[in-house]
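Participant: Can you build the whole structure from these sequences, using the hints too?
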Amino acid sequence: MNTPLKTPVAFIIFNRPKCTRRVFERIRDARPEKLYLIADAPRSHKPGEAATCAETRRIVEKMIDWPCEVHKNYADKNMGCRWRVASGINWVFDHEEMAIILEDDCLPDPSFFPFCQEMLSRYKDNPTIMQICGTNNINYTPESSSSYFFSRFTPIWGWATWRRAWDKYDQQLEKWPAYKRCRLLYEICLSDHEASVRENTLDRIYRNELDTWDYGWVLSIMVQQALGIIPRKNLIKNIGFGDGATHTHNPFNPMRLLSAKSLEFPLRHPEKISADQRHEYLYHRRHYDKSRHIEWIKSLLTCNKGNS
654 MNTPLKTPVA
664 FIIFNRPKCT
674 RRVFERIRDA
684 RPEKLYLIAD
694 APRSHKPGEA
704 ATCAETRRIV
714 EKMIDWPCEV
724 HKNYADKNMG
734 CRWRVASGIN
744 WVFDHEEMAI
754 ILEDDCLPDP
764 SFFPFCQEML
774 SRYKDNPTIM
784 QICGTNNINY
794 TPESSSSYFF
804 SRFTPIWGWA
814 TWRRAWDKYD
824 QQLEKWPAYK
834 RCRLLYEICL
844 SDHEASVREN
854 TLDRIYRNEL
864 DTWDYGWVLS
874 IMVQQALGII
884 PRKNLIKNIG
894 FGDGATHTHN
904 PFNPMRLLSA
914 KSLEFPLRHP
924 EKISADQRHE
934 YLYHRRHYDK
944 SRHIEWIKSL
954 LTCNKGNS
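Sequential numbering from 654 applies to the sequence shown in the numbering used here.
Hints are supplied without guarantee of correctness; some may be wrong.
Keeping only pairs whose Cα atoms sit at most 30 Å apart, straight-line, the calculated DSS-like set for lysine-lysine is [unchecked claim]:
(1) K671 x K777
(2) K914 x K833
(3) K699 x K659
(4) K671 x K730
Just the calculated beta-carbon pair ranges, DEER-fashion [unchecked claim]:
(5) K671 x P830: 24 to 34 Å
(6) R674 x H724: 12 to 22 Å
(7) Q877 x P919: 28 to 38 Å
(8) Q877 x E749: 13 to 23 Å
(9) N743 x V876: 40 to 50 Å
Honestly, the hints are just simulated from the structure, not real lab data.
Every residue gets a Cβ at the ideal spot worked out from N, C-alpha and C, and that includes glycine.
Facilitator: Here it is as C-alpha cells:
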C-alpha cells in the first residue's frame with residue numbers, strides 16, 4: 654500500500670522468529686497507523702523457549718520503522734493459546750471499534766489489508782456480519798463476478814472483526830452445556846456428522862483438554878445466525894506447518910499447498926447479503942466427507958501450479 658493503513662492491526666506472536674519476521678514484513682509494508690502486539694510468555698518446561706520468545710519480540714519491535722502508535726500486551730506467565738488469544742483480542746477491543754487480526758504464521762497478500770479495511774467500514778453497522786476472512790481455504794470461486802461472498806463457515810487465518818461482534822463471543826463457553834442439552838448443533842449444522850465433530854471438540858475445550866479459542870468464536874457466530882465475508886481469492890498463506898506450531902503440527906498437511914493471491918480493486922459487491930449455499934455445500938463436503946479428501950488435494954495441486 655502507498656498510504657498508511659487507517660485500521661488498527663493486532664499481531665499475535667509467540668516463539669517463532671522466522672515466521673514472525675516474514676509476516677511482519679507484510680504488516681510493515683501496509684504501515685498501519687496503530688499496531689497492537691500480543692505475546693504469550695514462554696512455557697517453563699520447554700528448554701530454549703524463553704530465548705525464542707524474547708527474540709521474536711525483539712524482531713518485531715526493531716522492524717517498526719514508520720510513524721505508528723504501538724501498544725504492547727506481553728504476558729508475564731504462559732497463558733496458553735486459548736486464553737492468550739482471547740484476552741489479547743479483548744484488550745484490543747477495549748480500545749478500538751474494529752481491527753485486523755493476524756497470527757505469526759499467516760502470511761497475507763498485500764491486498765488483504767485494503768480488503769479488510771473496506772469491508773470493516775462497509776458492514777460496520779450490519780449485525781448479520783460478524784467476521785471478515787482472509788482465507789478462502791477451498792479455493793472457491795463464486796458464480797457471480799463479486800469480489801467476495803458470504804458464508805456461515807468462517808476460517809480464522811487472517812481475519813478482521815468489530816467490537817460489537819466480539820462482544821458476542823462466549824469465551825468461557827458458559828452456555829455450551831445448555832446448547833448441548835437442547836442439541837442446538839444438530840439443528841444448525843449441515844449434517845449430523847458435522848454436529849457430532851463440533852460437539853466433541855467443544856466438549857474437549859469445555860473440559861480444558863484442548864487449548865484453542867476459535868471453536869468457541871465460530872459457535873458464537875452460528876448461534877447468532879450470522880455470516881462471514883470470504884474473498885473471491887485466497888489472501889492468506891499459512892507458513893507455520895511443522896515443528897513449533899501450536900496446532901498445525903503436520904508438515905504434510907495439504908493446507909500448506911494453499912497459496913495467496915491478489916484481489917483486484919475496486920471491489921465488486923454482491924447484490925444481496927445471504928449465505929452462498931454452493932460454497933457451504935463444498936466446504937462441508939471438504940471438511941466433513943473424508944471420501945472427498947484426495948479430490949480436494951488434487952484441486953489444490955492444480956490450482957497452485959506456477960505459484961510459489
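Participant: Evaluate each hint against the coordinates.
Facilitator: Against the structure, the hints come out as follows:
no. : hint                    : in the structure
1   : K671 x K777             : 34 Å, violated
2   : K914 x K833             : 39 Å, violated
3   : K699 x K659             : 38 Å, violated
4   : K671 x K730             : 23 Å, holds
5   : K671 x P830: 24 to 34 Å : 42 Å, violated
6   : R674 x H724: 12 to 22 Å : 20 Å, holds
7   : Q877 x P919: 28 to 38 Å : 30 Å, holds
8   : Q877 x E749: 13 to 23 Å : 21 Å, holds
9   : N743 x V876: 40 to 50 Å : 19 Å, violated
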